[in-house]
Amino acid sequence: MSVLDSKVPKGPIKDKWTTYKDKIDLVNPANKRLIDIIVVGTGLAGGSAAASLAELGYNVKAFCFQDSPRRAHSIAAQGGINAAKNYQGDGDSTYRLFYDTVKGGDYRSREANVYRLAEVSVNIIDQCVAQGVPFARDYGGLLDNRSFGGVLVSRTFYAKGQTGQQLLLGAYSAMNRQIGRGKIKMYNRHEMLDVVIVDGKARGIIARNLVTGEIERHSGHAVVLGTGGYGNAFYLSTYAMGSNVTAAWKAHKRGAFFANPCYTQIHPTCIPVSGDHQSKLTLMSESLRNDGRIWVPKTLEDAKAIREGKMKPTELSEEKRDYYLERRYPAFGNLVPRDVASRAAKERCDAGHGVNATGEAVYLDFAAAIQRYGKEQAHVKGLDENDAALVTQLGKAMIKSKYGNLFQMYEKIVDQNPYETPMMIYPAVHYTMGGIWVDYNLMTTVPGLYAIGEANFSDHGANRLGASALMQGLADGYFVLPYTIGDYLSDDIRTGAIPTDSPEFEASENYVTERLDKLINNNGKYSVDHFHKKLGLIMWNKCGMSRNAKDLKEAITEIAALRKEFWQDVKIPGRADEYNEELAKAGRVADFLELGELFAKDALHREESCGGHFREEYQTAEGEAQRRKEFQYVAAWEYKGEPSDAALHKEELQYNDIEVKERSYK
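The number in this note's numbering is simply the position in the sequence shown, starting from 1, with 770 added.
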């Protein structure tokens, strides 16, 4: 059995990254011109990495399956990006960001990587401001912050509800500068279908030109995967429809270990499912929980009346509403971590208090915030604070300035005005904490193959705190990988260009071609989506928020059978040597089917409840009560001061009837 070496530097955690950088091997500028690096994926992680590596002098080949790097799924991130700047003076620090991230992930992330993430977070904001990213600013012109779930400070920088888009445009502009200089060669509409291993090292990829269908060989001295997560295995998710696991899965099949595949983020504030006609779900930013209050009717009778359209939510008086997060977790209120909020919403809906036609929705209500902001603005302007119409008008204007594009998006999808009636939300698949295993250098178990951003497993444990995805992607691409990859490439300055006519490249190309031919010539009975939807139902119903051994064993058997049926009965029109989106989708779903089985096996093996992943066998009323008690205890503990490393490492807690004697972070 292989032994995983995380290569975490020795010494105090606060000194590891600085000491590491002081001692690594470097590639001098003249030698960087001799080295080629392949970067697959051009979202925040891949885009920032490609721009930074090219700026350093490496020759970069960048690949994306979209028509432009601007279409990467990072563009969909709305709420913000975390950084320990402490502009508010409310007690934030590098340590507190580190601690919140480790605790928010249920103590299952690698601490050394997380501390480094917290350290470099402060540089990310400066980098992005220098690129012209239009972060929100306060009245005095300083960068503004808001709070996100699982923390007690304001550390989230934002650009209205378009933060991911603005950050991606910053990285894209940096890439374009290098494309113009000839240091980045951009391959749009190309999909990586295999990693080529030569003498034990990643030396290239096989890619398909999605426009012409041509299979291409591309070589490099190292390969970097910044290809995002695999939540579309659930079919319905907040991911873009094209998001897939193919690049990461091909790396896994070539020897890169996969870590924590069953750790999937369930986001609590998504627009609920409305029927089986949907192809994806839409996220409402977690930033809305700063001002929105989450509630359901207290009684089953009122919930039923609302579901049947006999009562409007605005007709229900305050005393008949259950603001269940504020009731259960008063220290954090509506800003509890995503896993806690998601689990609580599901529990209330399972108990019959859901408010939409399917019974799977809770309310996110801005009425109180509108009144609060309205009175504040009336006071500031010297107007009558008792004029109800004026206060409401001023309050709505303030909410529009903070969340206007999100409210507009909700109204277009649901056909309800969220200024007048509460939003409806429900948990949905949003992010994957699991991914390719990497060491401290962000290298996989295959030498020369790196995974950055959401594609790797290292930073978020069993649950990602809101606004940390953008932080990790940019940290890896701008400030970590450019250092660590040099340590590896310093041995390649005399290697010369990697030829693509070797037996290894030929074998990989043949493998890809044979697989495509098998799909296109199958001539089955059912579409690709037919199988994808079936897989999604199995994943959500049996590998979703609540899991048990019986369902997981059934899921493993059902997915294996579905995979067999897929290869027998899938039908793909058209040819392989042309633009054929159905063929591209078929390859991705084939990989989802394989990943899904590994996902279920991992979930079965984990006889624990952690993050958003609850094993019903261990989920007793006593266990849930203990979990809530512990969460309140940790919140109070934070107010008193930061715990010592010894306390953090030697906690003895009860987690849903499972005694944890000592936590392990590797």
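Calculated directly from the structure, the hints in this document are not laboratory data. Fair warning: there could be bad hints in the mix.
In silico DSS-like cross-links for lysine-lysine, where the CA-CA straight-line distance does not exceed 25 Å [claimed, not checked]: (1) Lys1145 - Lys1182; (2) Lys1341 - Lys1323; (3) Lys1023 - Lys1068; (4) Lys1295 - Lys1371; (5) Lys777 - Lys791; (6) Lys1182 - Lys1166; (7) Lys791 - Lys1050; (8) Lys1050 - Lys855; (9) Lys1304 - Lys1341; (10) Lys1320 - Lys1341; (11) Lys1172 - Lys855; (12) Lys1050 - Lys1145; (13) Lys1050 - Lys1068; (14) Lys1166 - Lys1151; (15) Lys1082 - Lys1151; (16) Lys1050 - Lys1304; (17) Lys1074 - Lys971.
Simulated DEER-style distance windows between Cβ atoms [said to hold, decoys possible]: (18) Pro799 - Gln1186: 51 to 59 Å; (19) Glu1078 - Arg1345: 32 to 40 Å; (20) Gly910 - Asp775: 46 to 54 Å; (21) Gly950 - Lys1082: 31 to 39 Å; (22) Thr1084 - Tyr857: 35 to 43 Å; (23) Ala800 - Glu1146: 55 to 63 Å; (24) Val981 - Gly910: 27 to 35 Å; (25) Ala1330 - Glu1146: 54 to 62 Å; (26) Ser776 - Gln1186: 26 to 34 Å.
Think of the CB as a built atom: it goes at the ideal place given N, C-alpha and C, for glycine as much as any other residue.
To see whether the hints hold, each was checked on the structure:
1. Lys1145 - Lys1182: Roughly 29 Å between the alpha carbons, so the hint for lysine 1145 and lysine 1182 is violated.
2. Lys1341 - Lys1323: 29 Å, violated
3. Lys1023 - Lys1068: 51 Å, violated
4. Lys1295 - Lys1371: 29 Å, violated
5. Lys777 - Lys791: 13 Å, holds
6. Lys1182 - Lys1166: Between lysine 1182 and lysine 1166 the Cα gap is close to 18 Å, so the pair holds against 25 Å.
7. Lys791 - Lys1050: 43 Å, violated
8. Lys1050 - Lys855: Measuring from Cα to Cα gives roughly 36 Å; hence the hint is violated.
9. Lys1304 - Lys1341: Holds: lysine 1304 and lysine 1341 sit about 16 Å apart, inside 25 Å.
10. Lys1320 - Lys1341: Between lysine 1320 and lysine 1341 the Cα gap is close to 32 Å, so the pair fails against 25 Å, i.e. violated.
11. Lys1172 - Lys855: OK: lysine 1172 and lysine 855 at ~21 Å, within 25 Å.
12. Lys1050 - Lys1145: Violated, at about 39 Å.
13. Lys1050 - Lys1068: 31 Å, violated
14. Lys1166 - Lys1151: 16 Å, holds
15. Lys1082 - Lys1151: 34 Å, violated
16. Lys1050 - Lys1304: Holds, at about 14 Å.
17. Lys1074 - Lys971: Given pair lysine 1074, lysine 971 is violated - Cα atoms ~61 Å apart, limit 25 Å.
18. Pro799 - Gln1186: 51 to 59 Å: The hinted range 51 to 59 Å holds for proline 799 and glutamine 1186, with Cβ atoms some 58 Å apart.
19. Glu1078 - Arg1345: 32 to 40 Å: 52 Å, violated
20. Gly910 - Asp775: 46 to 54 Å: 49 Å, holds
21. Gly950 - Lys1082: 31 to 39 Å: 56 Å, violated
22. Thr1084 - Tyr857: 35 to 43 Å: 37 Å, holds
23. Ala800 - Glu1146: 55 to 63 Å: 60 Å, holds
24. Val981 - Gly910: 27 to 35 Å: 50 Å, violated
25. Ala1330 - Glu1146: 54 to 62 Å: Given a distance of about 59 Å, which is inside 54 to 62 Å, the answer is holds.
26. Ser776 - Gln1186: 26 to 34 Å: Between serine 776 and glutamine 1186, where Cβ atoms are some 49 Å apart, the hint is violated.
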